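Undergrad: Knowing the structure of chain X, use the given hints to seat chain E on it.
These are the residues of each chain, in order.
Number of protein chains: 2
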Amino acid sequence: MKRICVLGHHAPSSGEFSINDLAGGAGRMDILCRCIGSAFFLSHGIRRDVEVFLILLGPPRPPVTIRFSGAEIRSLNPDERSTGSLIKKALSIPRGDAFRESGPGVAVRKGGLSKLLVEHSFAVLCENGADIRKAAVLPENVILSDHLDLTTEEEESVSGCPAYSVGPLSLHANAAISLLLNEHDRRSAGWN
Amino acid sequence: MKRICVLGHHAPSSGEFSINDLAGGAGRMDILCRCIGSAFFLSHGIRRDVEVFLILLGPPRPPVTIRFSGAEIRSLNPDERSTGSLIKKALSIPRGDAFRESGPGVAVRKGGLSKLLVEHSFAVLCENGADIRKAAVLPENVILSDHLDLTTEEEESVSGCPAYSVGPLSLHANAAISLLLNEHDRRSAGWN
Numbered sequence: 001m002k003r004i005c006v007l008g009h010h011a012p013s014s015g016e017f018s019i020n021d022l023a024g025g026a027g028r029m030d031i032l033c034r035c036i037g038s039a040f041f042l043s044h045g046i047r048r049d050v051e052v053f054l055i056l057l058g059p060p061r062p063p064v065t066i067r068f069s070g071a072e073i074r075s076l077n078p079d080e081r082s083t084g085s086l087i088k089k090a091l092s093i094p095r096g097d098a099f100r101e102s103g104p105g106v107a108v109r110k111g112g113l114s115k116l117l118v119e120h121s122f123a124v125l126c127e128n129g130a131d132i133r134k135a136a137v138l139p140e141n142v143i144l145s146d147h148l149d150l151t152t153e154e155e156e157s158v159s160g161c162p163a164y165s166v167g168p169l170s171l172h173a174n175a176a177i178s179l180l181l182n183e184h185d186r187r188s189a190g191w192n
Numbered sequence: 001m002k003r004i005c006v007l008g009h010h011a012p013s014s015g016e017f018s019i020n021d022l023a024g025g026a027g028r029m030d031i032l033c034r035c036i037g038s039a040f041f042l043s044h045g046i047r048r049d050v051e052v053f054l055i056l057l058g059p060p061r062p063p064v065t066i067r068f069s070g071a072e073i074r075s076l077n078p079d080e081r082s083t084g085s086l087i088k089k090a091l092s093i094p095r096g097d098a099f100r101e102s103g104p105g106v107a108v109r110k111g112g113l114s115k116l117l118v119e120h121s122f123a124v125l126c127e128n129g130a131d132i133r134k135a136a137v138l139p140e141n142v143i144l145s146d147h148l149d150l151t152t153e154e155e156e157s158v159s160g161c162p163a164y165s166v167g168p169l170s171l172h173a174n175a176a177i178s179l180l181l182n183e184h185d186r187r188s189a190g191w192n
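Listed in order, the protein sequences are those of chains X and E.
When we follow my numbering, the leftmost residue of the first sequence carries the number 1, and every step to the right adds one.
When we follow my numbering, the leftmost residue of the second sequence carries the number 1, and every step to the right adds one.
These are computed hints drawn from the structure, not numbers from a lab.
There's no promise every hint is true.
In this list, chains with the same sequence are indistinguishable; a pair is considered to hold if it fits within one copy or across any two.
Unchecked claim - Listed below are the simulated EDC-like cross-link pairs for lysine to aspartate or glutamate, each with C-alpha atoms no more than 20 Å apart in a straight line:
#, residue 1, residue 2
1, LYS89, GLU183
2, LYS89, ASP185
3, LYS2, GLU140
4, LYS88, GLU101
5, LYS115, GLU156
6, LYS88, ASP131
7, LYS115, GLU155
8, LYS115, ASP97
Here the structure is a predicted model, which means the values were calculated and not measured.
For reference, chain X alone in the conformation it holds in the complex (with noise of 0.2 Å):
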């Protein structure tokens, strides 16, 4: 199993945002709904080995998690809007401390970075890591950023985790978690 966290530091904790507006008044939601259509999407298949948990830290009553599986979702679709419309779907259901489904594969609770990482170890893909290509064994769990930095908070939470970069240049989160699921491919279908 891979488990690819980002965290969405605008991205609303509740349901009311436009899947319009994904890009504007949906606090960057947009990177969000590229992130999961990059982690699951096969030309002809979903990634079923492959967990992505959205941290969303916007108001009004963060931090929520939302967590997609690639091993039971169904009607996934690779466009921003309608992944728009899972996530607007998982947080309008009521959530606790634990998960809860808002439809197959799709479920949410209350709780942020800190709870996952109690739960698995993971490494931070980040511009000055160390190079993932040269890596003796890939991490399975990988943290990436929206497109702002990690508060000091989270650097701190991070502080132990081991750092990979997927280049020399920074790259918006979707196209590192192609980089990071390509260089899994190549290694385990010999490659490299």
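TA: What follows is chain E alone, placed relative to chain X:
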């Protein structure tokens, strides 16, 4: 200059589509929009040395080519919807045999792949090409298809072009673009 050509087999050749239905009624225009994002966006800027040619092959008057020029483009945003608006605008102006600008860095003309192949040499990015990481010299100009395979006629047009693959699994076109550009970035920066 790197040139990326994406074939949109059902993408409409008029602006009569809804930016709220890019993945449905707009003939998978969402795929082309994501390709624009992957081709141009860095975290903190635009790739100025990239041109993208979207070839629209859907009704009513195909083929049409829209050119996005990184060197000149303004007001490009990474979300699908805003790119869809730029495409819609390009399709709303009169088009002739030469490129005509619909806005800074976005231009449109009649004609498609065969015309472009006369002007530039291209390689093809596809599932069964040679591993891009092993290419002695990376291709500057590449052709990709949307969610559909090349037609027999298109296959014949590119039969003389070298073919490369970005990895062992078949991926969405925008992910393939991210992987190609990452390989360029790495070689330029001496990361390989």
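Undergrad: None of the hints should be skipped; say for each whether it holds.
TA: Evaluated hints:
1. LYS89 to GLU183: neither (33 Å within a copy, 38 Å between copies)
2. LYS89 to ASP185: neither (32 Å within a copy, 39 Å between copies)
3. LYS2 to GLU140: This pair counts as within: shortest intra-copy Cα distance 5 Å, inter-copy 33 Å.
4. LYS88 to GLU101: within (13 Å within a copy, 38 Å between copies)
5. LYS115 to GLU156: within (14 Å within a copy, 55 Å between copies)
6. LYS88 to ASP131: neither (36 Å within a copy, 40 Å between copies)
7. LYS115 to GLU155: within (15 Å within a copy, 52 Å between copies)
8. LYS115 to ASP97: Result: close within a single copy only, 10 Å intra versus 59 Å inter.
When the structure is compared with the earlier hints, violations turn up for hints 1, 2, 6 and for no others.
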